[in-house]
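K.L.:
We have chain R already, so just place chains C and F on it with the hints.
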Amino acid sequence: MNRLPLLFLGIFLTFASAWAGLVVYPYLTLGRLQPITDQETGDILPPPLSGLADAGQKVYAANGCLYCHSQQVRPAYLSTDIAKGLGPRRTVARDYIRSRPVFLGTMRTGPDLTNVGLRYAAEWQHRHLYEPAEVTKGSIMPAFRYLYKKRKIQGAPSADAIQGLVGPYAPGPGEEVVPTEEAKALVAYLLSLRRDYALPEAPEEQTP
Amino acid sequence: MSQDPNIPESEEFREAELSSDMNVAKVHGSIMREQADPRDGYEPVSLWLITFALGLVFWAGMYLVSNSGGFRADVFNSNLVAWDGAGVAVDKGPPDPMVVGKRVFTQYCVVCHQTTGLGVKGQFPPLVASEWVLGEDWHGENHLVKIVLQGLQGPIVVKGENYNNAMAPWGAVLKDDQIAAVLTYIRNSWGNAAPPVSPEFVAKIREESASRTEAWTQKDLQAIPAVRVEASTPPAAEPAGEPAPAPAPAG
Amino acid sequence: MTTLAQSFSPNSQAAIADKVERAEIDASARIPVLLFFGSSIFWLLIGSLLALIAAFKMNIPWLLDSEAWLTFGRVRPAHLNTVIYGWASAAGIGVGLWLQARLCRVPIVHSSLLIVAGIFWNIGVLVGTLGILAGDSRSIEWLEFPGYATPILFVSYAFIGIWGVIMFRYRRPGHVYVSQWYLLAAFLWFPWLYATVNILLIWQPILGSAQGAVNWWYAHNVLGLWFTPIGLASAYYMIPKVIGRPIHSYYLSILGFWSLALFYSWNGMHHLIGGPFPAWMISASVVASVMMFIPVITVAINHHMTMRGNFDGLKWSPTLRFTVFGAICYTAVSFQGSTMAIPSLNTLTHFTHYTIGHSHLGLYGFFSMIMFGAMYYIVPRLVGWEWPSAGLIRWHFWLAAIGIVLMFASLTLGGIIQGLALYDPAVNFMNSLFLASPFLWVRGVSGLLMTAAHVIFAVHFVMMLLHLGAQRAQPTLFAQPIPREETAAA
Numbered sequence: 046m047n048r049l050p051l052l053f054l055g056i057f058l059t060f061a062s063a064w065a066g067l068v069v070y071p072y073l074t075l076g077r078l079q080p081i082t083d084q085e086t087g088d089i090l091p092p093p094l095s096g097l098a099d100a101g102q103k104v105y106a107a108n109g110c111l112y113c114h115s116q117q118v119r120p121a122y123l124s125t126d127i128a129k130g131l132g133p134r135r136t137v138a139r140d141y142i143r144s145r146p147v148f149l150g151t152m153r154t155g156p157d158l159t160n161v162g163l164r165y166a167a168e169w170q171h172r173h174l175y176e177p178a179e180v181t182k183g184s185i186m187p188a189f190r191y192l193y194k195k196r197k198i199q200g201a202p203s204a205d206a207i208q209g210l211v212g213p214y215a216p217g218p219g220e221e222v223v224p225t226e227e228a229k230a231l232v233a234y235l236l237s238l239r240r241d242y243a244l245p246e247a248p249e250e251q252t253p
Numbered sequence: 027m028s029q030d031p032n033i034p035e036s037e038e039f040r041e042a043e044l045s046s047d048m049n050v051a052k053v054h055g056s057i058m059r060e061q062a063d064p065r066d067g068y069e070p071v072s073l074w075l076i077t078f079a080l081g082l083v084f085w086a087g088m089y090l091v092s093n094s095g096g097f098r099a100d101v102f103n104s105n106l107v108a109w110d111g112a113g114v115a116v117d118k119g120p121p122d123p124m125v126v127g128k129r130v131f132t133q134y135c136v137v138c139h140q141t142t143g144l145g146v147k148g149q150f151p152p153l154v155a156s157e158w159v160l161g162e163d164w165h166g167e168n169h170l171v172k173i174v175l176q177g178l179q180g181p182i183v184v185k186g187e188n189y190n191n192a193m194a195p196w197g198a199v200l201k202d203d204q205i206a207a208v209l210t211y212i213r214n215s216w217g218n219a220a221p222p223v224s225p226e227f228v229a230k231i232r233e234e235s236a237s238r239t240e241a242w243t244q245k246d247l248q249a250i251p252a253v254r255v256e257a258s259t260p261p262a263a264e265p266a267g268e269p270a271p272a273p274a275p276a277g
Numbered sequence: 006m007t008t009l010a011q012s013f014s015p016n017s018q019a020a021i022a023d024k025v026e027r028a029e030i031d032a033s034a035r036i037p038v039l040l041f042f043g044s045s046i047f048w049l050l051i052g053s054l055l056a057l058i059a060a061f062k063m064n065i066p067w068l069l070d071s072e073a074w075l076t077f078g079r080v081r082p083a084h085l086n087t088v089i090y091g092w093a094s095a096a097g098i099g100v101g102l103w104l105q106a107r108l109c110r111v112p113i114v115h116s117s118l119l120i121v122a123g124i125f126w127n128i129g130v131l132v133g134t135l136g137i138l139a140g141d142s143r144s145i146e147w148l149e150f151p152g153y154a155t156p157i158l159f160v161s162y163a164f165i166g167i168w169g170v171i172m173f174r175y176r177r178p179g180h181v182y183v184s185q186w187y188l189l190a191a192f193l194w195f196p197w198l199y200a201t202v203n204i205l206l207i208w209q210p211i212l213g214s215a216q217g218a219v220n221w222w223y224a225h226n227v228l229g230l231w232f233t234p235i236g237l238a239s240a241y242y243m244i245p246k247v248i249g250r251p252i253h254s255y256y257l258s259i260l261g262f263w264s265l266a267l268f269y270s271w272n273g274m275h276h277l278i279g280g281p282f283p284a285w286m287i288s289a290s291v292v293a294s295v296m297m298f299i300p301v302i303t304v305a306i307n308h309h310m311t312m313r314g315n316f317d318g319l320k321w322s323p324t325l326r327f328t329v330f331g332a333i334c335y336t337a338v339s340f341q342g343s344t345m346a347i348p349s350l351n352t353l354t355h356f357t358h359y360t361i362g363h364s365h366l367g368l369y370g371f372f373s374m375i376m377f378g379a380m381y382y383i384v385p386r387l388v389g390w391e392w393p394s395a396g397l398i399r400w401h402f403w404l405a406a407i408g409i410v411l412m413f414a415s416l417t418l419g420g421i422i423q424g425l426a427l428y429d430p431a432v433n434f435m436n437s438l439f440l441a442s443p444f445l446w447v448r449g450v451s452g453l454l455m456t457a458a459h460v461i462f463a464v465h466f467v468m469m470l471l472h473l474g475a476q477r478a479q480p481t482l483f484a485q486p487i488p489r490e491e492t493a494a495a
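First to last, the sequence lines map onto chains R, C and F. When you line the first sequence up against my numbering, it's residues 46 to 253, in that order. When you line the second sequence up against my numbering, it's residues 27 to 277, in that order. When you line the third sequence up against my numbering, it's residues 6 to 495, in that order.
Extracted from the complex, chain R is given alone in its bound form:
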C-alpha cells in the first residue's frame, strides 16, 4: 500500500460510508421533520415552546444540565424506563424538533427529565434549583443560587418570591429570594418538558 491515490481513496470511501449513513441520511429523513396536526384535537404536535421556555433552553445549555440529566425515554422491550414512570411511551425523533440543541444526554446521575413538566410545578422547581439538597435529601445536584437574588423586602413581598426555603441560604426575616429572568426562563423550559401526546410513529407501549 505504497501509493497515495489508492490510500486516499480507501481512506475517503470507508469514512464516506458512515458519513452517508449516520449524517446525510438522518439529515435527509429526520433532520427536516415537521410537526404534525392531531386529527382529533387540532393540536400541533409537538407543541411549540413559549418564548420564555425557548430562552430557558439557553440557560439549560449554559449550565450544563445534560451532564447529569438525560431526556429520552427508551422503549419497554429494551429497558424499564416506562415501568419506572419516565413517560407513557418511548420518545421518537419528532419529539425533539423544538429543542435547540437537542439535550438527549448520556448520564443519569440525576433523573431523566423528558416528562418532568408533568411531575413538578413551578414553585417546586424554583425551590429545588435554589436548594436541591433540602428538597431531596441526599441529592448531589449543585445549588443554582446564582440564578436567584436574595434581597431585602421593599414594601410588599414580591409575587415571585420563593416560598418554603429552609436551608442555610434561606432568606432571613425581612428578606426574600426572587428568581432572575434566567431562572424563570429555565423553569418555563422545564415545565414545557412533557410528551403527553401521541405521534404516528410512537405506538402505545404495552408493558407486560
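Be aware that a few hints might be false.
Claimed, not checked - Label pairs and their in silico Cβ distance ranges: (1) E187/C to L350/F: 34 to 44 Å; (2) W67/F to E226/R: 18 to 28 Å; (3) S92/C to W67/F: 47 to 57 Å; (4) F434/F to E234/C: 32 to 42 Å; (5) L470/F to L49/R: 58 to 68 Å.
Said to hold, decoys possible - Residues from chain R that keep clear of chain F, each with C-beta distances beyond 12 Å, as calculated: (6) S144; (7) E168; (8) A243.
Derived by calculation from the structure, the hints in this document are not laboratory data. No residue lacks a Cβ here, since even glycine has one placed at the ideal position from N, Cα and C.
P.N.:
Then chains C and F, alone, in the frame of chain R:
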C-alpha cells in the same frame, strides 16, 4: 544537505557532505544509538483469525436484517420487523379506557402511588382495595373525581391508616376522558373490581365543583353526599345523608 | 537507500548518513513539536485540575457552589474540552508530525507557519475553555466550545493538517510503513469530522434527534479516527523501534487498518441505544461495534507477536513500558466497548458511571499513556538532553498506571451497581446515587494520583527544556538493558 524535500538525495552526495562538514558532530548521542526505523515482517494472517472474522460478518448480516425495522426511517423499535403504518388519522374505534387509563396512570400517578398501586406507607395512600377508590362506606365516585380535579390535603384515613399529605390538582392538566379512563383503570386493577367511570360523569362533577379552588379535605368531602356511578346491577344500599363520624386524625 | 545490513553496521557510511538525516529532521521539527508538547502538558495540568473539581463535586455537592463559573455543569465540559483539544490533540499533533517527518524522511519546512498554527490552537482552546466557564457552552457533547472559539481551532488545524498530508506527499519513495497510513488517515479524517459537525449542529442546525446522531458520530469518531490512529501509529513505531525487531505481520497491519477504517466510523449510535432513532441506525452501530473485534484482535496479535521474546524491554525502557501499557489498554477498552454495545447489556450500563470508566480507559489508559511513552522517546532528540531522573519517570508511570486502574475499577463497579439500581422500577432513584457514592470517592482519589503524575511529568519536561540535571551520555532507563548477542533481526 538540500532543504528542498522534492530533490531526492543521492548516496554519493550525502557521503560527500558528511566527510566535508563533519556533520557527525551535530548528531546527538540519542540518535547515534538509535535502532533502524521499524520495518515490516511478513508473517501470514492466521487461519483462525480469518475464520473468526468471517463468522462475525455472518452474524452481522443476520443481526442487521432482523433488527432494523425494515430499514425504515419511521420505525424506532427494532423488535418490529415491519410496521403497518397505523397513525393518528386511522380511526381505530373508541380507545380502550384500560389502555388509556394505564397510560395516564403511569405518566402522572406512579410517582406517588407506585406501579403496584400500593403507595408508600405513611406518605402516599394505597389504591389497592381502598374504600376511597371502590366507593365504599361514605365514599362515592363523585368524591373520587373531586379529588382528582381539585386535589386533596390534610389528615385522611385510608384502610385504617393515617395519612397527611398533599395531592396536586389535576383538573387543569387532564381532560374528562383521561380522568374517566384513569379512574376506571385504578378501579379495575390489582384485584380491584368496580364499575367504570364515564367522561360524562366526570364532566358533571367538574361543573359542580367549578367554584372550588382549594384542595379538598376529608371533612369537606364527607359533608357532600356520595354519588355513585350507574352500574349494571343496582348498587348496595346507600348510607343516609348523615356523614359517618370521622375518626380522630393522628398527628 | 540504506540496506538492512548497512543500517545494522552502525559505522557504515550509509548508516551515518541515516543518522545525520534524522538529526536534520529532528532539528527541523524541534520548535513546532516542542511547542505542541509544551502546550499539551500545560493543558494536561489545567484539565487535571478541572477534573478534580468536577469529580469531588459529585461527592461534596456544596464544594465551590456559590460561583456560576464553577458549577459542575460548566467545569465538567471545561475538563472534557481541555483534555481533548488541549492535551490529547496537541500531544497527538506533536507526536504525529514528528513520526510522519521521520518515517517519510522529510524535514519540516516553513515551520514558522506551524508554530503560528500551534499558537492559535492554544488561543482557541483558551478562549473556548473560558467561554464554557463563562456560560457560553453549547452543551453539545465534545463540541462545547462556543462559536467564537471553534473557527480559531479549525483554521489552526487547516495548517497542521496540510503539513501532515504534504509530508506524506513528498515522502521518500519506497515502502510505506503502517504508521504512515494511520497518520495520513487521521490528518484527513479530523477536518472532515470537525467541519461536518460544526455545519450541521451549529451554523445550520438540523432539527430533532438527528442532532444526536451527528453529535455522536462526531464524538466517537474523534476517539476512533483521530486519537486511535495516532496512538496506534505511535505504538507501531515505538515498539519495534525500541526492541529492534520488525513488526510481526504486514498483512495483519493491512487488515487492522482497513477494518478499523470501515467499522469504526459506524459506531457512533451505540451511545444512544434505545434513543429516538430509527431502528436500523442503532442496529448498524451495534453491528459495527461488535465487528471492531476484528481490527482490535488483529492489532493485538501484531503487537504481541512482535513483543514476544522481548518483554524484558519493559523492565528498562520507559517508552516501551508506557506504550505497551497503552496498547494493552487499547485491547481491553475495545473489547469492553464491543460488549457494551450489545443492547441487552447496554440497558444496564447506559447512563451510568460505567460509560465514564470506559471513556477514561480509552483516552487515558490507551491514548495518553502512549503519548507519554512517545514523548519520553522524542523529547531527548529535540532538546539534545537526556531525561534527568529515571526516578521521576518511574513515579510518573506508577502514579498514572495505578491511577487509571483504580479509576477504571471504581467507575466500572460503581456503574454496574448504579445501573442495577436504575433498572429496577421498585428501587427509589436516590438509591442509585447512594450506592455509587463510595465508588466516586475512590475515583476522586485516583484522580489525585494521576494529577500528581502529571505535575511530576510537567516538572521533568521543564527540566529537559532548561537542560537541568547532569549531562548524560546514555539514555535514561529504568534499569540496564540485558545486552543482546546479535543486533540483526531475525
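K.L.:
Now look at each hint and say whether the structure bears it out.
P.N.:
Hint-by-hint comparison with the structure:
1. E187/C to L350/F: 34 to 44 Å: About 42 Å separates the Cβ atoms of E187/C and L350/F, which means 34 to 44 Å holds.
2. W67/F to E226/R: 18 to 28 Å: 25 Å, holds
3. S92/C to W67/F: 47 to 57 Å: Cβ of S92/C to Cβ of W67/F: about 51 Å, so the range 47 to 57 Å holds.
4. F434/F to E234/C: 32 to 42 Å: This hint holds: roughly 38 Å between Cβ atoms.
5. L470/F to L49/R: 58 to 68 Å: Since L470/F and L49/R have Cβ atoms about 36 Å apart, the given range 58 to 68 Å is violated.
6. S144: Since the minimum Cβ distance to chain F is about 8 Å, S144/R lies within 12 Å and the statement is violated.
7. E168: 21 Å, holds
8. A243: 15 Å, holds
Hints 5, 6, counting from the list given before, are not met by this structure.
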